[in-house]
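Same order as they appear, the protein sequences are chains A and B.
120 is the number that our numbering gives to position 120 of the first sequence; each next residue is one higher, with no gaps.
551 is the number that our numbering gives to position 394 of the second sequence; each next residue is one higher, with no gaps.
List of simulated lysine to aspartate or glutamate pairs, EDC-like, C-alpha gap at most 16 Å: (1) A/LYS143 - B/ASP332; (2) B/LYS574 - B/GLU247; (3) B/LYS262 - B/ASP237; (4) B/LYS461 - A/GLU154; (5) A/LYS144 - B/ASP329; (6) A/LYS143 - A/ASP114; (7) A/LYS85 - A/GLU55; (8) B/LYS309 - A/GLU138.
Please keep in mind that the hints were generated in silico from the structure rather than gathered at the bench.
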Amino acid sequence: MRNAVLVIGALCVMAQIAPRQPIPYSHKIHAGDQKLACKFCHENKDPGELMGIPETAKCMGCHTAVKKDSPHIAKLTEFHAQQRKVPWIRIYQIPSYVFFSHKAHIEAKNTCADCHGPVAERETLRKEVSTAMGTCMECHRAKKAPNDCTFCHEARN
Amino acid sequence: MAKDYDVVIVGSGASGGMAAYILCKAGVKCLMLEAGPMADLDRHKTLKAVYELPYRGFNKPGRFPHITQASEFDANMWIDEKANPYSYPENDPYYWVRIRMVGGKTLRWGRASWRLSNYEFKCKDHDGFGENWPVDLAELSPFYDRVEPIFKVSGRNEGWAQMPDGKLILDDSRDSTSIERFKAAAAKLGVPTSKPRRSTGTLASSVNLLLPEALATGNLTIVPNAIVREIGVDSNTGLVNAVHFLDRRSKREFSVPAKYLMLGASTLESTRLMLNSRSRIHPNGLANSSGVLGHYLFDQFYVKNTVVAIVPEARGGKGPRTLMGGAGYIPRFTNLKHTDLNFIRGYAYDFHSGGTPNAELIPAYGEQLVKQLADLQGAAFSMTTMGEGLPRYENKVSIHPALKDAWGIPCLHIEQKYTDNEFNMAKHAMETGAAAMEGAGFEVLAKHWEMVPPGESIHELGTCRMGADPKKSVLNKWNQAHDVKNLFVLDGSSFASGGAQNPTLTILALTMRASEYLIAQRKKGSV
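Kindly generate the complete structure, drawing on both the sequences and the hints.
Encoded structure:
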C-alpha cells in the first residue's frame, strides 16, 4: 500500500520523459531562433476547442528550399509526397470528460507557455506542465475564473 | 494476524482515513481493515471508449439496479449488488449506493464541504423536533478549522448563522451575467445566494490527503479485501476484544485482537456490523442497550432539476461565457426565525448556468426535437433541491432473517419513507425556485418536486446516533459507545440530525475530535 501511494504521488509530479518523435522537430529552432508564432503552425479553427497540428504542406512551404538535404527533411518530404500524416506522438491531452477550449483561454489572455511551458526554448518536448485538475483549478483561482464543476464538466442529471 | 496493534480501524474512507491520520501521527499503531481492494487510480480515472463496452455504457442488467450513479465506464468502482444484496419493503424502495475500495466513497464524492450550524446541532431547542446533538458548533469549530485546509476547501464566507464561515480558499471568481441576474431576483425574494463550497485539488480523497501521511509514520498497516463479519467482545466486561473478518477473494476467515475499535465502515455498514455482533452481554446488537441502534435513519432528499429554465438571450447558441456558465449555492433560508410554513427545517439548492436541457423536457419528437435541442444548447439554468429529511424512529434498518451476502454475512432490511414534512418542503422549493427564475427573466421550461428514492443522495445518516441520554442514543459526544467504552463509531451513522448540508466535512471533523479524545484518554488510562 505504502509503495502504491508513493508511486501514485510520484506519477503525479514526475516530469515526463520526452518521447522519441518520428522526425526530430525542434521548437527551439522554429519558435525560438526563427521566432515563428505558435499560431503560424498551430491553427485554432472554429469552434476553437483544439489547436491544430500542421499539415506537411505547411512544413514544405519552407522546407522545399530550407535544409532539403537533411535526412529528416527527406523523411518529411516522403510523408508529404505520399500524402501521409506524420505520426507525431501527442504530449498533452485533456480527458474526454473535460470541456476545454483553446479559444476561450487565448481570449482570456493566457499564453501558450502557461500550459505548455517554455516551448520556444526546447529542442525536444515533454510534458512540463501538469494538466491535472488541481493545476487547472489553481490557475482558475488565481485568475478569478470560475471553478465550479459544471464550468469544465458536463452536468449530471 | 499476530502483530499487536493499539487500534483497529474498519473502513478507509473519510472517517477511517481521518482516524488513521490522527492516530498514527500521534504514535498509535493502527490496523486498517478495508472490505475492498486497493484503488488503482489510473485504471479508475481513465474512461474506456464506448465501443469497448459490451453494453455501450449502460451496464450489464442487474448489476447495479439501485446505483443510478454507476455506468459501464466506471463499473469496477461500485459494489456488485448481486454479491451484496439488501432488502426493503415492496413499495418503498431504498437506493443504497456503496463503494468498497481503499479510499471508500471519498474517491467519488461531490466534494461539497459545508459545516453544520447550531440550527442542526441544537435543532430540538429551535423547533422542538428530534434530539439535540451533544455537541455544538463552538465545540466542533476548531476541528472544522483544521479539516478545511487539509481538503483545500474553496468558497466564500458570508457570516450567515445557518452557513457557518470556514477556513476557506477564497472563491472570488466573477459570476456570469445569468448568475448575477438570478442572484438579484433571489435577493428580492429574501433568498440568500453564495458560491459553491468544495474541496479542491486533482483528487480530494482519503487516498491522497490522509492515508499517505498515516502510512509515512510507519504506524499504519492496511489490509484490503478484509470483509468484517463480526465484532467480538469479552464475555465478562462486554468490551470489544476482537474483530473477525473474511478475505474477500478466498473467503478464508481471520481474527485480530482489538484493544480499541474505530468503526468507519459507512453509515449503514457500521450499523449492520453492530447488529450482527450479538452476544450474551449485547443480545440486541453491540452497544444497543438503548434499543435505538438501527433506528432514526434519515438522509437529505434530492429533487434533481427542481426547476429548469432557459435564458432567452442564450438561445440559438448565443450563450457566451460572459452570459452563461457558473454555479452557486443557496443555503437553508426557511424557518430560521418564524415558522408559518407547513413544514419545519429547510432545504438548500445548487444552481447551475449553461447546460442543455434533457430531451425529455422538450415536448417534441424527431427533427423538431433536434432543432429545439440545437436552439437550447448551453442555454439552460437549473436548480437542484437538497432537503432535510427528519430522523424518525420508524425509519430504520434491521437484520434480514434469511438474506445473506456472498460471504454468508446477514444483510440489511432498510425501511425509510419520506413524510408530509419532506413533501411540503419539496413543493415549497419548487415554487420558490421557479419564482426566482421568472424574476430573473428566464423562461421556466419545467418544474417538479418528485424526489429521488431515499438513499440515492448517498447522504444516509443516523442509525447509531450520538446523544446526551444513553437511553435515547448509542454514542456519547465523543462518538464513543455509551455501553462499550473501547468502541468508537465515526461515520455518518453517528448523526442526530443532518440539515441540508453535505455531511462529509462533519464526519471528518467529528472523527478528528474523537481520535484526539481517544489519544488523550489512553494517556490518562481512562479508556
